[in-house]
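Put chain B with the ligands on the given structure of chain A with help from the hints.
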Amino acid sequence: MSIATGQVQGVGQSLLRPDGTLKVTGEFAYSSDLWLDGMLWGATLRSPHPSAWIRSIDVGPALAMPGVFAVLTHQDVPGVKFYGLEHKDQPVLAIDQVRYQGEPVALVAADHPETARRAADAIVVGYELREAVTDPRQAAFDPACPQVNPHGNVVRHQPVRVGDRFTADVVVTAEYEVGMQDQAFLGPESGLAVPAEDGGVDLYVATQWLHVDQDQVAPCLGLPKEKVRLTLAGVGGAFGAREDLSMQIHASMLALRTGKPIKIVYGREESFFGHVHRHPAWMRYEHGATADGMLVYVRAEIVLDGGAYTSSSPAVVGNAASLGVGPYEVDNVWIDAYGTYTNNPPCGAMRGFGAVQACFAYESQMDRLAEACGLSPVEIRIRNAVSQGSRLATGQVVDTPAPLAGMLRELAAMPLPGPGSTDLRALPGGVAQTTHGEGVRRGIGYGVGIKNICFSEGFDDYSTARVRVELLGGEPHVLVHTAAAEVGQGLIMVKSQIARTELGIDRVTIVPADTTVGSAGSSSASRQSYVTGGAVKAACEAVRERLDKLRAGGASLAEVLAAGPVEETREYRHRPTFPMDPVTGQGDSHTQLALCVHRAVVDVDVELGLVKVVELAAVQDVGRIMNPLALEGQIHGGTAQGLGLALMEEIQVRDGKVLNPSFTDYLIPTILDMPPMRLSILENPDPHAPYGLRGAGEPPTLSSTPAIAAAVRNATGLALARVPIRPDDIALAGSALAG
Amino acid sequence: MHDITLYVNGIPREVSVPARRLLSDCLRHDLGLTGTHVGCEHGVCGACTVLLDGEPVRSCLTFAVTVAGREITTVEGLATDGRPSPVQRAFAECHGLQCGFCTPGFLCTTTAFLRENPAPTEEEVLEGISGNLCRCTGYQNIIKSVHRAAELLAEEPT
Ligand code: FES
Ligand code: FES
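Residue numbers (my numbering), protein chains in the order written: chain A, 1284 to 2022; chain B, 270 to 427.
Chain A with its partners taken away, still in its complex shape:
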């Protein structure tokens, strides 16, 4: 994948994706494309029930089928039988009970995917159904509720307590809900496990963090880590859904048992059961302010349903609590954020990670407050906006630029789109419209979001980079090796640009990510440009220093390199963070904070409940633009996922069962749903970060949702305290206002 250009395309330029050509020619190998002669196909039998005892498992009928090589249950797990990101509480395969619909129960390896599937279906499992715990508030607060998890039904309770004045002239109170969103990456979970001669296994998978996979897989296989080697296969999107394991241990178990390479590819339906989702949330907020709209206090109760196992729920709760009032100055805060265990689908990481849910609620509250105080939505936000030097609810002082008020002014000053056209295709609902737009109303709304970048609360968050300069064909050439997962975000470009900038060499090759180099941490929390970028920069600097010394006598680069390559490996850590105090929530828990603001313009057919987003405008401060084209792509994509949450995306769950595990019934925005965007990108550097950059992938996912919801409220006059806003929420409630 080397690129040779006439000039060094470094930091700040729109270097094209080094993998772009392979991706447009169809040669790029995704995890689902991997193929080895003689490989077998793995299939997973999953529980159809959200809560049941397993009384028996009969694998006989499956084993008897021609073409079947192995059928495994929890008894066949070679090592530790549990895994997990924060707590090892998730069984590799269910042991005596299942706690959610879709929980893996048994595995099959066969010579054809359809045989494997049929064999899995032939396994007879004797279930004894029991009542499913599906109400997260009951799970958390009703002592009579059955315990889903041996540790009780609360994963984490994180309070925030500041100040003691909880009365004010103007008080607005409301309850809000956020539905369960799916990451819905387009390339389902898949990979290949190859048994190795040393008794270990080589895994080729689409993941977000190779080393945390290795840390979890090896003990379950009863192998030392060095015998479980991972290489990143092509990743078809991630958005948090690949932070937890899916098929990694399963394929490895089958490979070790059969001695053959095992490929597992989930279909779309299985994918809905094969990864964690965004926590649905129930939130009660009370905001108190002076008559002129200055915040006095915020009280909030936030309940996030994590489903049956821990996954990353504790950190999600930490984000919801620490960022629960948003980027506003307020002296008195009383927040209780809870994560719960239930028998609902498991939830964990998704773009925005705990900050998204709270953002919908606090932004909705700011609009209510604006109305109560007779202020515009923009004005009330400006009056309360944080800036450099402000203190967050956690007591952490914002010590880098945070020009929120200016961002809001710039956003509000952007030109508005013209009036809607009468072309049927331009109406909400498009050509499927049944009216001629008589009931169409326009609305405008604003949303503000603040997101922590990198891992928080004392996590040892680092990345490793190995950089080597050598002569290839007589020309100096740079090899950059990290374990950081390119999931589509474009890190591959940023690494390449940093190497070019730091070394002044334009021939750069990004070595495939694997576990033969140190951990890069996760491709999540918008952290890779920062942390892996920092590691690549540090390793390049070390190489440059050595080269400078070698060239001190006046030798040319080529002369120096003729004696052999120069290679350096560096780890990079961001500023340390600290846990939130378990009682007061105080602490410098975040290393970097990023802001994004959105304005949404919508047309709503109030009779039909149909919404068309006409335009989305955004202002985001990224500290330093590393690659303009890639950055804009992140903001567009993040905004679109926020639009999805506002208007259409929800995993519908009834009695613990998913009703819509398909792209027919789980809707993600199409090109006709996504309006044109207007962007303004600011560069106020964070002096602590490499090049002054700020993580950029998540903030737009926060602010677009409340902006769109506010615009729909503005158009309809309805309270709309739940996202996604469904046509019924407008049309049925709206019969009163249609006239």
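These are calculated hints, taken from the structure and not from any lab test.
Which chain B residues face chain A? A few, computed with CB under 8 Å, are given here: (1) V313; (2) C314; (3) T343; (4) V344; (5) L366; (6) C368; (7) E392; (8) T406.
No experiment lies behind these values; they were computed from the predicted model shown.
Beta carbons: idealized from backbone N, C-alpha and C, even for Gly.
Just chain B with the ligands, lined up with the frame of chain A:
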């Protein structure tokens, strides 16, 4: 089993498939052409789009035996003599992809669309490729890519 011949990217390919083998599986597994991606398996996402006698079809909804003897173009067949087509170049140049999983479908759809309509308006572009889903890009750069592809095609010597 049925012995059929498919003309894939200009090359006759003989395969023996069961009647229910999907064209997507046939291309990916039987013929090893993994550039055609499967994102939903039921006709929603468009990632599996290929050209059947030049017209875009969902290969996940098509049985291989029903297209015996027909011309099929997959993403691997869009380039000419190893040079990516104008549509392919436009997507790479305009950053019309991130993870790229949706890209082969968009490329096939766009190729057929621009052949029908070489100078589309903004609205026509949206309509023309609205059957393909992308989860990463928010579509803005895909729209740019389609317009850019139209420009590049217009510059091509015919
Ligand atoms: S895989 Fe064929 S349309 Fe999605
Ligand atoms: S680029 Fe990832 S789905 Fe389109």
